[in-house]
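Residue numbers (this note's numbering), protein chains in the order written: chain A, 22 to 256; chain B, 2 to 650; chain C, 455 to 701.
Fair warning: there could be bad hints in the mix.
Here are some chain B residues pointing at chain C (derived, C-beta under 7 angstroms) [as the list claims (entries may be wrong)]:
{"id": "1", "residue": "Lys188"}
{"id": "2", "residue": "Gly193"}
{"id": "3", "residue": "Ile226"}
{"id": "4", "residue": "Thr228"}
{"id": "5", "residue": "Thr293"}
{"id": "6", "residue": "Leu501"}
{"id": "7", "residue": "Ala504"}
{"id": "8", "residue": "Gln564"}
Covered by chain A, per the in silico footprint, the following chain C stretches (three or more residues, Cβ under 8 angstroms) [as the list claims (entries may be wrong)]:
{"id": "9", "region": "481–487"}
{"id": "10", "region": "506–515"}
{"id": "11", "region": "607–617"}
{"id": "12", "region": "659–672"}
These aren't lab readings, by the way, just hints derived from the structure by calculation. All residues carry an ideal CB built from backbone N, CA and C; glycine is no exception.
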Amino acid sequence: MALATRTDRRPSLPRTVWDSTVGKKTVMAVSGLIMLLYLVAHMIGNLKIFFGPDDFNHYAHWLRTLGGPVMRWEWTLWVVRVGLVAAVVAHAVSAYQLSRRDIRARPSKYVHKKPRASYATRTMRWGGIILGLFIVWHILDLTTGTVHPGGYEHLHPYQNVIDTFSTWYGNVIYITAVVALGFHVRHGFWSAAQTLGVGNASRDRFLKTCASGLALLLTVGFVSVPVGVMTGVVS
Amino acid sequence: MNSYSEYTTGEPVADTKAPQGPIAERWDTRRFEAKLVNPANRRKHTVIVVGTGLAGGAAGATLAEQGYHVVQFCYQDSPRRAHSIAAQGGINAAKNYRNDGDSIHRLFYDTVKGGDFRARESNVHRLAQVSVEIIDQCVAQGVPFAREYGGLLDTRSFGGVQVSRTFYARGQTGQQLLLGAYQALSKEIAAGNVEMHPRTEMLDVIVVDGRARGIVARDLITGRIDTYFADAVVLASGGYGNVFYLSTNAMNSNATAVWRAHRRGAYFANPCFTQIHPTCIPRTGDHQSKLTLMSESLRNDGRIWVPKAKGDTRPANEIPEDERDYYLERIYPSFGNLVPRDIASRAAKNVCDEGRGVGPGGQGVYLDFADAIQRMGRKAVEEKYGNLFDMYERITAENPYEVPMRIYPAVHYTMGGLWVDYDLQTTVPGLFAIGEANFSDHGANRLGASALMQGLADGYFVLPSTINDYLARHPHKDEVDADHPAVQEVLSETEDRLNLLLAVDGDRTPDSFHRELGELMWEFCGMARTETGLCKALERIPQIREEFWRRIKVPGTGEEFNQSLEKANRIVDYLELAELMCLDALHRAESCGGHFREESQTPDGEAARVDEDFSYAAAWEFTATGDAPVLHKEDLVFEYVHPTQRSYA
Amino acid sequence: MKLTLRVWRQKNADADGAMSTYEVDGISSDMSFLEMLDTLNEELIVKGEEPVAFDHDCREGICGACSLVINGDAHGPERTTTCQLHMRSFDDGDTIDIEPWRAAAFPVIKDLVVDRSAFDRIIQSGGYISAPTGSAPEAHATAVPKPDADFAFEHAECIGCGACVAACPNGSAMLFTSAKVNHLNVLPQGAPERETRVLDMVAQMDSEGFGGCTLTGECATACPKGIPLPSIAAMNKEWLRATRKAR
């Protein structure tokens with residue numbers, strides 16, 4: 022195999038990053054953190070459902086006026102949406118390419134198999150796929166209304182949410198995805214910290230606690246909505 | 002007595018390269034007098050280096066930096082695995098950072114004295130001079146030596162000396178120094194200046210028209226035997242301690258390169274000078290494949306003792322203080338536990354022979370840290386020796402923080418080796434030997450932390466200077482003709498030997514012969530030697546050799562990865578070298594350093610040198626397998642350090 | 455002790471391999487694992503069968519040659535090298551599976567012997583400090599703070615055995631590479647090549663076909679020298695720093 026020798030001109034920064042496994046992991050870490058930030062905001066917004074339909078619907082309306090009067094109706098929302106799509110795509114493409122590479126790097130398995138690593142770590146890939154599929158369903162259900170059970174009404178999210186969580190499959194899909202998200206965040210947040218070079222021996226415990234805390238917070242926060250609907254707290 | 006022992010004495014051999022004059026100026030003088038090769042011409046010269054340990058790795062990297070084309074070999078899968086990596090304790094250098102009275106002259110003096118006046122003064126002085134540069138070089142390479150809180154280098158004292166001149170990197174000094182050399186070599190490999198052949202074992206030297214012009218080597222993966230040509234050949238293949246089967250050497254360390262060079266005309270000097278290291282982990286049974294050394298630095302804080310009474314089988318902790326014999330402190334009050342290795346080893350053997358040894362078979366003495374732990378605290382002991390303690394516990398399943406370690410001497414280093422002059426050139430022009438492979442600097446006993454010093458001195462500083470002189474005097478002309486009869490002869494001899502090993506198809510494994518030879522050597526040519534014992538060994542070795550060629554079994558073929566074949570071929574050489582070691586030990590009817598002849602001792606059991614008869618290096622010339630060799634003496638002249646009976650009392 | 459061994463046998467790089475079963479008897483608990491294999495090999499040779507090929511050399515845990523996956527663990531159940539593993543870690547009657555390191559970048563040469571030259575090429579790409587012999591300043595010219603010296607030492611302990619790659623589900627060499635990067639980059643002597651070193655070594659590591667790091671931590675668990683997992687984060691930091699600076 023040829024040796025990667027130094028040439029006078031290095032490839033451009035994006036090229037260096039994209040061509041390297043460490044760079045691609047950085048892309049995953051940054052895009053993951055962007056999504057994580059969004060999720061925290063999203064979860065906080067979701068909790069407004071417990072204050073009743075007016076509060077919740079008003080919040081949805083406000084989201085569309087965000088940044089006004091500079092930004093017109095839904096402009097900010099679209100900026101966020103575009104940003105999120107970019108993050109999801111970058112995250113997924115990097116993950117796909119890295120995974121392919123990882124699988125190629127270990128073509129033959131050990132005959133003697135042992136369970137390895139933590140559950141959260143081992144399920145990153147499947148968890149990611151589940152989350153990807155969930156996002157598609159979630160948008161078709163509550164943003165476009167394409168697969169929404171009952172009559173979807175734009176700008177009436179309170180009723181839409183109740184419709185979704187009034188079906189058994191709506192709850193199953195949602196709760197499964199949120200649990201997967203919890204696991205994904207638990208390893209992903211800590212892992213992103215390592216990738217970005219923030220981790221070290223003395224900070225490790227703190228980062229792990231943060232990761233678990235965030236995972237728990239998001240899981241509980243998101244699951245509380247379907248649970249609220251199921252238990253009739255939200256109706 | 003067989004005919005092998007009836008050696009003849011030939012013309013004396015002399016070192017013609019060391020300049021005369023004040024000893025401190027000789028190295029400068031030699032460097033100035035040596036011819037140089039024009040930098041532009043260097044790339045036309047090819048130098049073969051065999052081995053990638055401290056000496057070989059350093060030499061390969063340095064020669065490549067100078068502009069030579071280096072072709073380098075190692076039998077390991079990577080140059081980083083050479084056995085220098087296992088050296089634990091440290092490396093000496095006359096830096097005098099401690100301001101404790103050290104100097105180049107003192108290091109020179111200690112080394113000559115420690116070697117029991119059987120080393121060449123000029124060489125040793127140069128070693129002491131160069132030692133200072135080695136530390137600078139290694140620090141610049143990023144070798145993580147131990148440091149004080151102020152950020153400066155830490156040193157410690159080591160056996161046989163009274164100053165703190167040993168630099169160390171926890172218990173892994175050899176590893177760190179080797180990785181430094183390996184990394185320098187790696188840089189040159191990447192730059193295309195070194196052509197590296199890992200998993201390739203040198204099997205013979207090619208001598209054409211009286212000059213070393215290349216080697217025959219076998220690719221250990223494909224089994225392919227090839228010739229490689231060069232303008233000079235440097236052997237950095239290490240020592241031959243594995244003749245004893247059980248030693249602290251790596252399993253695959255071997256004597257083939259030096260022995261084959263010897264067969265092609267290079268004299269072999271002082272083969273009987275082997276060092277038995279006092280602090281190794283005792284063997285546990287017949288299955289033992291090698292012995293593990295515990296760094297001698299342990300003797301700085303550990304106290305060595307055995308029970309006063311014979312056959313005391315109580316656990317160590319139940320033996321009261323006044324029933325313990327701290328025999329080194331008793332016999333050698335001023336050096337105590339820090340006496341040189343040969344003395345510590347022999348003392349251990351003596352108390353075990355008296356029946357006061359401890360552990361299975363009574364082959365062990367205690368090395369006790371209870372006092373050190375009480376004095377310094379467990380944490381400080383852990384900081385200093387933690388990795389050694391862990392290693393001990395892993396091997397023996399005993400916790401040395403709670404019960405004393407058990408140690409016993411084991412074969413560790415060979416001071417003997419190919420005879421070389423001041424330029425490190427053997428008696429075959431163009432063939433150089435560096436590091437443990439040569440005989441030059443340690444005399445009859447090597448001091449602790451001096452092997453690393455010598456390997457790096459030879460590799461970084463000495464050889465790269467002296468080889469210029471040879472290359473300048475033999476300007477590169479033509480490639481060696483691969484069809485030259487001398488080349489074809491070496492090649493076919495090598496192939497025939499391997500084919501014969503495969504063809505015997507007997508009923509004994511290579512290891513069984515190796516073990517048999519090793520036990521014989523340990524018994525008769527080990528820590529204490531006698532005329533009767535050596536004669537017995539000399540009678541037995543040819544018999545083992547004969548049986549070997551009748552009963553050896555090597556499965557598989559030569560055209561594949563075949564570890565049994567590698568091993569068997571190495572044993573072929575051990576079976577000849579062992580004979581020379583015994584003969585050398587027999588002829589040297591004196592005790593000196595690591596060579597202890599029971600017939601020659603002082604009334605209190607110390608080694609008694611006989612300077613009138615034996616103040617020379619014995620350089621042996623090969624004649625034929627099993628035939629008596631020719632002895633050439635190099636008289637040793639001591640102008641600066643006058644031989645005295647060593648005293649460490 | 456009496457044991458059943460299931461050993462990966464593979465004639466050469468091109469041949470197919472399979473597990474073969476052997477019985478060994480009379481094993482002492484004081485034996486090292488490799489001495490147990492020696493015993494098996496002695497029996498095989500006498501029977502006229504080919505002995506099991508495995509890499510080994512110093513047998514004191516420092517050269518990094520030995521490389522066996524024992525019951526699914528690189529270097530076996532204890533945190534040490536295979537040569538320092540003793541049979542007292544096993545019980546009479548045990549069945550032990552012995553396999554070679556598995557990674558695309560470490561192709562099998564024969565039986566349990568693999569080709570780890572990829573590691574050498576990673577070092578060649580930048581795992582050194584350029585200090586040609588003779589050019590060194592006085593050793594005490596630059597003091598190195600003890601914490602930095604200790605950090606360097608901790609990472610310099612790597613023996614290049616490849617257990618990290620063998621244990622990693624992605625066959626990643628991040629721990630190996632990071633150990634060398636961290637050792638040299640923390641030292642003042644290593645500063646001039648700090649950026650090029652990490653960029654070149656990571657690029658070489660990638661080009662050898664090692665997988666990426668998913669921070670499973672398997673490498674650090676298997677490492678006989680205790681190179682810590684945060685070593686990887688430290689290298690990532692160096693790498694990110696270098697992408698910003700080295701141009």
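Hints, one by one, checked against the model:
1. Lys188: It holds, given that the least Cβ distance between B/Lys188 and chain C is near 5 angstroms, below 7 angstroms.
2. Gly193: violated, 11 angstroms
3. Ile226: Violated, about 18 angstroms.
4. Thr228: With Cβ-Cβ at 23 angstroms, over 7 angstroms, it is violated.
5. Thr293: holds, 5 angstroms
6. Leu501: Hint on B/Leu501: violated, closest Cβ of chain C at ~17 angstroms, above 7 angstroms.
7. Ala504: violated, 14 angstroms
8. Gln564: Holds - the Cβ of B/Gln564 comes within 7 angstroms of chain C, reaching about 6 angstroms at its closest.
9. 481–487: violated (count 0)
10. 506–515: violated (count 0)
11. 607–617: It is violated: at least three residues are needed, and the region 607–617 of chain C offers just 0 whose Cβ sits closer than 8 angstroms to chain A.
12. 659–672: holds (count 14)
Comparing the model with each numbered hint stated earlier shows that hints 2, 3, 4, 6, 7, 9, 10 and 11 do not hold.
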